[in-house]
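J.: All chains should be modelled from the sequences, with the hints used to inform the complete structure.
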Amino acid sequence: MERKVFARSAESFTVRQSHTCIQQWRLETKTMSMNALSAKAADTSSEVGSAPAFPVDIEPARAAPAALEVVPRTVMVVEDEPGLAEVLALNLQASGFETVTAHDGLQALYLLDQSVPDVVVLDLQLPQVSGFRLIQLLRSRTATARIPIVVITALSFREAEDVVRRGADAFLTKPFVPEEVVNCVWRLISRAM
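Going by the numbering used here, the first residue of the sequence shown is number 258, and it counts up by one from there.
No lab work stands behind these hints: they were computed from the structure. Quick caveat, the model's predicted, so the values are computed rather than measured. Ideal Cβ placement from N, Cα and C applies to all residues, glycine included. Any given hint could be a false lead.
[Unchecked claim] Derived CB-CB ranges, DEER-like:
id, residue 1, residue 2, range
1, S413, D370, 30 to 38 Å
2, E343, T430, 18 to 26 Å
3, N440, E416, 17 to 25 Å
4, P384, T430, 18 to 26 Å
T.: Structural data, given as structure tokens:
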């Protein structure tokens with residue numbers, strides 16, 4: 258900790274110092290304040306004529322912590338319509354996610370055996386293994402039981418709501434805006450953290 262001495266002048270002043278280096282100097286009539294943004298601030302003040310100088314302990318600025326390694330989150334997109342699968346994957350990638358795409362339920366199961374994603378976005382009406390069955394299988398396996406699942410479906414709202422009760426974490430009905438899917442995935446990842 259460094260000790261600084263502030264000398265008196267013809268005006269009173271207040272010094273407020275904290276553990277951050279974000280400081281704002283503000284001159285007011287007969288008051289000089291140094292404000293720092295922090296939950297921990299030490300206040301020292303002096304009135305004209307009370308003493309010629311006073312010491313204030315000021316911690317030196319700390320270096321910012323090294324950047325944390327950001328681990329990209331992986332989203333599996335299970336959609337049998339290639340154009341829609343590509344739109345979903347591209348929007349998720351543009352938002353910083355890595356994507357793995359499966360075009361049917363069987364391919365999704367194979368890919369899930371290779372690597373477990375952070376979130377699964379799936380259509381319900383898939384060839385080979387339906388989305389309904391895929392949800393049951395994901396929830397029954399230890400490695401995939403807690404993966405958040407977003408269902409995208411052309412079913413009615415009431416039918417889609419039933420899917421959530423069967424194990425999906427969220428659902429969106431078609432047609433949808435791709436940003437809705439991205440926002441939904443972010444919410445589920447944030448909740449899982």
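J.: Are any of the numbered hints broken by this structure? If so, which, sorted upward?
T.: none
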